[in-house]
Amino acid sequence: MSETLLQVRGLAKHFGGFVALDDIELDIKEGERVGLIGPNGSGKSTLVNCLSGALKHDSGSVRFDGMPLDGLPAYQRTRLGLARSFQLPKPFRSLTVVQNLHVPLLFTAKHRAGAHLTSAQIDARCEELLHVVALEGKAQARPRDLTQIEMRKLELARAMAAAPKLLIADEVMAGLSHSEIDDILALLVKLNQSGVTVILIEHIMRAVMSFSQRLVCLVAGKKIADGKPQEVVLNPDVERAYLGE
Amino acid sequence: MKNSTFCLVTAIVVIVFFGAAMLAVTNDYFFFAGYVVLQYIVLATAWNILGGYTGYINFGTAGFFAIGAYAAVVLHKLWGPPIPVLILVGGVLSGLVGLGMGMLTLRLRGVFFAIGTLALAIVVQTFVTNWDFVGGSRGVYIIRPATAPLLGNYIHYLFLVMLVLAGFSIALARCIEHSTLGFGLAAVRDDELAAEAAGVPTLKLKLISTALSGALMGMAGAPLPYYVTYLDPTSGFNLAYAVNSIAMPLIGGMTSWVGPLLGAIFLGTIQQTATVTISSSLNLLIVGVLLVLAVVIAPDGIIGLWRPRRRRAQEPL
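Heads up: the protein sequence lines correspond to chains U and A, in order.
Here the first sequence is numbered in this note's numbering, starting from 224 and rising by one per residue.
Here the second sequence is numbered in this note's numbering, starting from 17 and rising by one per residue.
Same shape as in the complex, but just chain U:
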């Protein structure tokens, strides 16, 4: 199959005496759709933060697209093509929806070798992204005027605007309705088909199961399962973690 895009070796992170991540090994291949599950507090978001550079990991190494990421600040990782969305949407509140997309376009896509975007190209790309997430009508709105799902879509659109190779979607569906989840799922699948590798972190099993080609389960900072979704959910360790003995 295709090459390894993200390679995590022996990743560990602790906060004081609390071990948040313990010796995580993870390989993500190019073009894969991977689901990451685990109970609350199992370290999913900490893993995302360590991968995206929002937190510094204590030991181990992360390689992305053949480049070691260790010690790189978050913005450089985004420029290399590793984008993430936030669990709680973090829009730029003083900017309009379309300006929110301008930020990654100006600071990421523009900085990539070979891609020198003119302002007309930036506008066109914004329009395209807004169309993909169906927010065209809200281009001039402020984030405070958006609904919860629109906020999630903006969050996704902003991550996509950075033209990532790997998108880590951190609980983009929490709190959404059935049909809204399907909306977002369709969006992510479409994105994946265009060549973007996607890691989906999610509690909603219906969504994870239909989306993922591979499922990884974290419990108490350890990876306890990694494989085909159907097999992972039947894994006795995973069952125990979710349902107890």
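Read the hints as simulated data drawn from the structure, not as lab findings.
Since this is a predicted model, take the numbers as computed values, not measurements.
Careful: at least some of the hints might be erroneous.
So the derived list for chain U, only partly shown, Cβ under 8 angstroms to chain A, looks like this [to be verified]: (1) Q310; (2) L311; (3) K313; (4) R316; (5) S317; (6) P327; (7) F330.
Just so it is clear, CB atoms sit at the ideal spot from N, CA and C, and this is done for glycine as well.
Following the hints, put chain A in place on chain U, whose structure we already have.
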């Protein structure tokens, strides 16, 4: 409007305003008082680049301002170059101090950063107070040349210098607002984590912002010794500079270059008028009362008063 057009318009406004003032006003005191208002336009605009655009509150305006002023004193005693050179050197020096302060303190957020800037001002003041060459706590007299270049009258010349500087700082602020840098700073102000995730080099932008803001403050301070002719640490580092440069953008509005301009003209004019008509010690009291009023009536500043109406008109029905 394009940034280049805006710069041109600003230049024209500066020239027309100065021409009109020279023709219409015969009393030199107008220029004397106007200088202070213009100086506050520069300071408020400079403060707003860091405070309004980037979201970092700086209590150390007086420190940067005085660095510019004392750099001018040193140069004056050594060599006596023309005022534009003093402004340039004062700007570079306080810009560098701003950069250094940024490196030391920008990892701090919110109130911690604010305390850091206050501490910087106190450190610089202590240093100057104990430096004999610039007069120490006794202060220093600056004998300015009998005639000014270009205009002959020194206060006219100082007024012109500060007017040009005010035009320059407003043009700079507006150029920042409508540039990639402005987008980046707004992203930093709204959410630093999200900004980093969008590829914004937050630390670098914050350093640029502190350096520019500090440089403008230093430039505003450089002509001060020639204006007051006697400079001592208590007047150079006066708390009023810090308070006013925060209050003016707050009252005017912090999201655009218009805010500090309006705030500085409004507050500065009231203070100058009150100084002559009522009492010179009333200034800070006026600031306090106006701040309270602004918080209640116009929480988004003067420019915020007409913004929502325009926004509503733009929204489709």
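Tell me the numbers of any earlier hints that the structure contravenes, in ascending order. As far as the earlier hints go, 1, 2 are violated by this structure, in ascending order.
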